[in-house]
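Protein chains: 2
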Amino acid sequence: MPWPQKIDINTGTFALSKNFKVNITGNPNGRIFIGATRFLRRLDGRTGLFFTQDFLTKINEVPEAQLQINCKQSGAVALNEDEGYQLLVETNKIILTANSDLGALHGLETLLQLLQNNGTSFYFPAVTITDAPRFTWRGLMIDAARHFQPVDVIKRNLDAMAAMKMNVFHWHLVDDQGWRIEMKNFSKLHELASDGNYYTQEEIKGIVKYADDRGILVIPEIDVPGHASAILSVFPEIGSKVDNGLGSYAVERRSGIFNSTLDPTNPKTYQVLSAIFDEVCPLFTSQYFHIGGDENNGKEWNANPEIQAFMKSKGLTNNHDLQTYFNMQLVPMLKKHGKNLMGWEEIMTKDMTKDAIIHAWRGTNEGQASGGSLISAAKNGYKTVLSNGYYIDLMLSLESHYKNDPIPKNSVLTPEEKSRILGGEAAMWSELVTPLNIDSRIWPRTAAIAERLWSDESVTDMVSLRKRLNTVSFRLEELGITHIRNKEVILRNISNNQSTVAVNDFSNVCEPLKNYTRNGGGKKYFMFSPLSLFADACSSDASDAIAFDAVVTNYLKDNSIENQKRLRFFFEKWIAMHTELVRLCENAPLVQPLLPLSKSLSDLSAQFLLRFDKKQTISTADLKVLLEQLRVRNSADVELAVYNSLKKIV
Amino acid sequence: MPWPQKIDINTGTFALSKNFKVNITGNPNGRIFIGATRFLRRLDGRTGLFFTQDFLTKINEVPEAQLQINCKQSGAVALNEDEGYQLLVETNKIILTANSDLGALHGLETLLQLLQNNGTSFYFPAVTITDAPRFTWRGLMIDAARHFQPVDVIKRNLDAMAAMKMNVFHWHLVDDQGWRIEMKNFSKLHELASDGNYYTQEEIKGIVKYADDRGILVIPEIDVPGHASAILSVFPEIGSKVDNGLGSYAVERRSGIFNSTLDPTNPKTYQVLSAIFDEVCPLFTSQYFHIGGDENNGKEWNANPEIQAFMKSKGLTNNHDLQTYFNMQLVPMLKKHGKNLMGWEEIMTKDMTKDAIIHAWRGTNEGQASGGSLISAAKNGYKTVLSNGYYIDLMLSLESHYKNDPIPKNSVLTPEEKSRILGGEAAMWSELVTPLNIDSRIWPRTAAIAERLWSDESVTDMVSLRKRLNTVSFRLEELGITHIRNKEVILRNISNNQSTVAVNDFSNVCEPLKNYTRNGGGKKYFMFSPLSLFADACSSDASDAIAFDAVVTNYLKDNSIENQKRLRFFFEKWIAMHTELVRLCENAPLVQPLLPLSKSLSDLSAQFLLRFDKKQTISTADLKVLLEQLRVRNSADVELAVYNSLKKIV
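First to last, the sequence lines map onto chains D and C. Numbered as in full-length UniProt numbering, the first sequence ends at 650 without a single skipped number. Numbered as in full-length UniProt numbering, the second sequence ends at 650 without a single skipped number.
Because the hints were derived from the structure by calculation, they are not lab data. Where hints are given, some of them may not hold.
Stated by the list, open to error - The calculated DSS-like cross-link candidates involving lysine-lysine, where the alpha carbons are at most 27 angstroms apart (straight line), are:
{"hint": "1", "chain 1": "C", "residue 1": "K524", "chain 2": "D", "residue 2": "K524"}
{"hint": "2", "chain 1": "C", "residue 1": "K209", "chain 2": "D", "residue 2": "K155"}
{"hint": "3", "chain 1": "C", "residue 1": "K524", "chain 2": "D", "residue 2": "K209"}
{"hint": "4", "chain 1": "D", "residue 1": "K155", "chain 2": "C", "residue 2": "K184"}
{"hint": "5", "chain 1": "D", "residue 1": "K523", "chain 2": "C", "residue 2": "K21"}
{"hint": "6", "chain 1": "D", "residue 1": "K18", "chain 2": "C", "residue 2": "K524"}
{"hint": "7", "chain 1": "C", "residue 1": "K155", "chain 2": "D", "residue 2": "K188"}
{"hint": "8", "chain 1": "C", "residue 1": "K205", "chain 2": "D", "residue 2": "K205"}
{"hint": "9", "chain 1": "C", "residue 1": "K205", "chain 2": "D", "residue 2": "K514"}
{"hint": "10", "chain 1": "D", "residue 1": "K21", "chain 2": "C", "residue 2": "K523"}
{"hint": "11", "chain 1": "D", "residue 1": "K188", "chain 2": "C", "residue 2": "K354"}
{"hint": "12", "chain 1": "D", "residue 1": "K184", "chain 2": "C", "residue 2": "K209"}
{"hint": "13", "chain 1": "D", "residue 1": "K18", "chain 2": "C", "residue 2": "K188"}
As the list claims (entries may be wrong) - Reference excerpt, derived from the structure (chain D facing chain C, CB under 10 angstroms, subset only):
{"hint": "14", "residue": "G48"}
{"hint": "15", "residue": "E202"}
{"hint": "16", "residue": "I257"}
{"hint": "17", "residue": "N259"}
{"hint": "18", "residue": "G298"}
{"hint": "19", "residue": "N302"}
{"hint": "20", "residue": "T317"}
{"hint": "21", "residue": "I484"}
{"hint": "22", "residue": "R485"}
{"hint": "23", "residue": "K524"}
{"hint": "24", "residue": "F528"}
{"hint": "25", "residue": "A588"}
Every residue gets a Cβ at the ideal spot worked out from N, C-alpha and C, and that includes glycine.
Sequences are here, hints too, so could you generate the full structure?
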């Protein structure tokens, strides 16, 4: 995963042994040595074979090695590089060839996924794979501004991205809730607007290098002119408020769209930004710099007579024009450092430079056609990247992300327009994630997005996806991804160190409230509120809910005793679970908020059992009342993912 | 935990609510603001109360707060500081007073441990605690040379140390297997002798600051003149080999005591070391620098005629004298930076300067009286720290560490001699630990050592310790300690993503081979060998083994049906477990090495059940043969921790 472009299964297997070794030939970038060494260690960790080869550092060091990697040339981590590879597994040797080390790294990930076993040994099946990505931009954005995400969180996610053949890490570094970059010249920015949570410049350079070693491009983002509370808390004088004196802005502690906006009419605004870019741009190697540009609500501009007068004098008819005026001032600041501008779709106005990348994000939630701006951008001559439909913080279903193709079948685009659609990017906004739970929001779901962006558009089977994702999810653990292990940590805290079986069972039928409803318009959670709660242990695509729905579907087709038994299994489990939750709660106050919902589920389950036993005492109408109890908003901030399935059989 | 010096339980409770706030008065160091903020977040995470107070940054910011902290003065993170505190919990307020913020930080940890709950709410019991440490040196050493331990591993362990009121982090940074310090002047050291795994100077300073914020002193160690393979791989010309040309030394990939030793007769040796200290000393604030000095086997010195001639010319009669000559050259290099020398006990010879700290480590394993050198050092006028008995990498029992008092009851020491015994230090050598399993070797066991060093010598009850340690272990999770969660990760890899119940059950009766036998004299494991195996999921004090032993003890006192039933429970569990392991193994080769041992346990269990049912078919002699099967060395590198208990009932 992602599914390769072409696979031919051959007969036979390649048996792994202690003597397995790797050799590298050609003219690759040094990252292949690091990558191949990492490959060896991961394979050794999975198999426990105690390989004797230590660190690969040289070309053609072990000519007799069973795995031969040949890369013609050194790859550059940039757009439109050749990332293809060919992998040939035979019974006595494995040959991985690629134009560059970038393709070879992808091939090594494929090989790791090919690992099979019987009861006593590990092997690779004989196979020929020819593979290359469909899109050149396969990204993940992590918001390190709302909740700071330390270096180790970023690094382990870069490892996971590489495992899924993703190649762009978009790093959202600045927002209303914090400035996360150490500044040598404007040190007050990180000193006063980060609560001590920022990346040093050395750490940033380290992460850019770490990403490059994994074939991943890092795109930094400083979000302007809106989302500017953190900047303006330090430089209030460049804010658009009429009364922008000391203390007029503060770092935000809540979520939402705030008014704080840079003043595009003030020359000092550009002096500050120019100096910031002079310091920040050299930390990054990418050709693009993301300047945000989203969700400027214009309130401060509307309320400021001087800004209104400026607009008139410049012939700018609305706030969009004024923002474009602002954006265009940034273009030369970035060009100076060899970088082009990228921004959220709001930057796309008639005067925007055509070498900008338009980042499409709005959709039906924002009253727009889903992916509409992506198509417009491509038609208007812009390169463009899709994030609408890939907002993984919305806690929507796996299927919704997987079926979200950057180029839908019904789109009418010329080949040239299509070529401007670079790909897509999963967006991990961090209002409700900390280092404890962030991995569980990103993984394994982002692997489905990675497959959408790499594999052929015809690869859409959900059953196959879920099956493969189960293995991917398990294997991501070896890269330090914490989505499975930290769920247990949260559940242990909730159960107060008692058994976690019942809370775990319940978590497998519950999903966190979707579409930002959990945070009640950004008002429920502060940025320092605890995220160690039941909703944080739950995720979308609740596993038992999916299993239950399959049972319901079968039962509706054939209400045999056997299928009824399978339903019974769940009902009995949920009744016992509720009883156990009540018991746990005696010594675990954090179980309390779960009880109303688990009681509703238990009550309804009991009625179904009575019905199966022909002892039903309440009417279907009353059953429907019970069913609707499952939808009552609860203080656990979750919804019962089995509601729709239950509705089918009420 | 550690148990306070004086506790008075009063009547009533202090109920926690959303409005709980903290106020700080007095004249403390700024670290108390960071510490109090961290305290709030941890308490909020445990209780889910959504406290509204965000970041503490000022003195007397919330005079009406329920928790009042007063510190008279700013604490210095150094030896013999006043770390005492007084904590008064009343029904409507909490008062924490301390001479310095260091004591106040300890008081906050105590308060967190006082958290209680019923079924619906959280509270603190009313209590008066007066507390201060017995020893001023309560340390943990982490070896980052054998296996590199990244910054996040160090930081989470510093957090856990602070939670256990420990105050010295001894950082073993250099050994045969690697040089872990970025060098500006001798960059080849980290470039060529670290495999890319080293701390940047900025990271080191960051860790020293992070530790200081938690009241912890960082003692760096560069181990010389032995353990020098990494240094000599870069500077072979200062090695003691006769033929010390290019390539004569290499970074070691195995464990053990190697010959590589600096040449104490070569002036260049001191030029290099002096320049290294000039660069490394300023990174640390501590008054001491650990120069190692252990396990110099003298082979290279004995074999080098020039060194022998040098000794004669200087009147040095043996290698000990020569090493002291070497050590004394380092004293002024360190003094230049305001630091005194600390070293492993081998540095204690008659000419060693009296302001050195002697680090006692050898014991019965090394053919010496346990703790003998500690007593000698104190009597000889040296300050001294005990690590013998605190080697947590030996995988010995909790009890052995807990009962190891730096000043045993039978020791005859003057008060002045006693005062030179500064305390002790748990030693986490890293031959067999990686970031995946290191926490499980350190925690929760080191909490028992922390209690030994903080609490009164009379606090020795094992039942109380085990009970409290269970809670401590669970709470360490909130600091990011991975001992519980990563065990599951390892077991999932072993079971190949099948159920982990059986492997987990087995891990609870197995312990890793002790006293370094797992590594077969350093020959079995390379530094890059996998440590994701069954032995890595096991730990000392296997939980079911302890529970089983209690059942056996009761049964031997009273072989009632009830007690027999309790034994049966275990036997039946182990028989079922083995059956399940066999089943798992069909799709999990890593289960294979477990089967011989689990079969032996299952076979013996079956015989016991037959005996209970009066159906015994084999003789006691044959039963003994079966019993001894449990002790056969197995490829899983573990031993059955129930052997001794079973022996009692055969």
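Hints, one by one, checked against the model:
Restraint check: the Cα-Cα separation between C:K524 and D:K524 comes to about 55 angstroms, which exceeds 27 angstroms; the hinted pair is violated. Pair hint C:K209 plus D:K155 holds up; C-alpha atoms about 23 angstroms apart against a cutoff of 27 angstroms. Between C:K524 and D:K209 the CA atoms are separated by roughly 34 angstroms; this puts the pair beyond 27 angstroms, and the hint is violated. Of the pairs offered as hints, the one joining D:K155 and C:K184 holds, with about 25 angstroms between alpha carbons and a cut-off of 27 angstroms not exceeded.
Among the hinted pairs, D:K523 with C:K21 is consistent with the structure: their alpha-carbon atoms are about 20 angstroms apart, no more than 27 angstroms. Taken as a hint, the D:K18 and C:K524 pair is honoured in the structure, with Cα atoms around 13 angstroms apart against an allowance of 27 angstroms. The hinted pair formed by C:K155 and D:K188 meets the criterion: a straight-line CA distance of about 25 angstroms does not exceed 27 angstroms. Taken as a hint, the C:K205 and D:K205 pair is honoured in the structure, with Cα atoms around 18 angstroms apart against an allowance of 27 angstroms.
Distance check on the hinted pair: C:K205 and D:K514 sit about 43 angstroms apart at the alpha-carbon level, beyond 27 angstroms; violated. Our distance criterion of 27 angstroms between C-alpha atoms is met by D:K21 and C:K523, whose separation comes to about 20 angstroms. Under the criterion of a C-alpha separation no larger than 27 angstroms, the hint pairing D:K188 with C:K354 is inconsistent with the structure, at around 47 angstroms. A C-alpha spacing of about 19 angstroms is found between D:K184 and C:K209, which places the hinted pair at or below 27 angstroms, so the restraint holds.
A threshold of 27 angstroms between alpha carbons decides the hint, and for D:K18 with C:K188 the separation of about 32 angstroms lies outside it, so the pair is violated. Nearest Cβ of chain C to the Cβ of D:G48: about 5 angstroms, under the 10 angstroms cut. The hint holds. The criterion of a C-beta within 10 angstroms of any C-beta in chain C is met by D:E202, whose closest approach is roughly 5 angstroms, and the hint holds. Restraint check, D:I257 versus chain C: the minimum CB separation of about 21 angstroms is more than 10 angstroms; hint violated.
Annotation: D:N259 was flagged as interfacial toward chain C, and the flag is violated, the nearest CB pair being 21 angstroms apart, outside 10 angstroms. Checking D:G298 against chain C: minimum C-beta separation of about 29 angstroms lies over 10 angstroms; hint violated. Against a cut-off of 10 angstroms between C-beta atoms, the interface hint on D:N302 is violated, since the closest Cβ of chain C lies about 31 angstroms away. Taken as an interface hint, D:T317 does not check out: its beta carbon lies about 42 angstroms from the nearest beta carbon of chain C, beyond 10 angstroms.
Hint on D:I484 holds. Least Cβ distance to chain C is approximately 8 angstroms, under the 10 angstroms limit. The beta carbon of D:R485 is positioned within 10 angstroms of a beta carbon in chain C (closest approach about 4 angstroms), and the interface hint is therefore held. Checking D:K524 against chain C by beta carbon gives a least distance of about 8 angstroms; that is within 10 angstroms, so the hint holds. A cut of 10 angstroms between beta carbons decides the hint on D:F528: the least distance to chain C is about 5 angstroms, and the hint holds.
The beta carbon of D:A588 comes within 7 angstroms of a beta carbon in chain C, closer than 10 angstroms, and the hint placing it at the interface holds.
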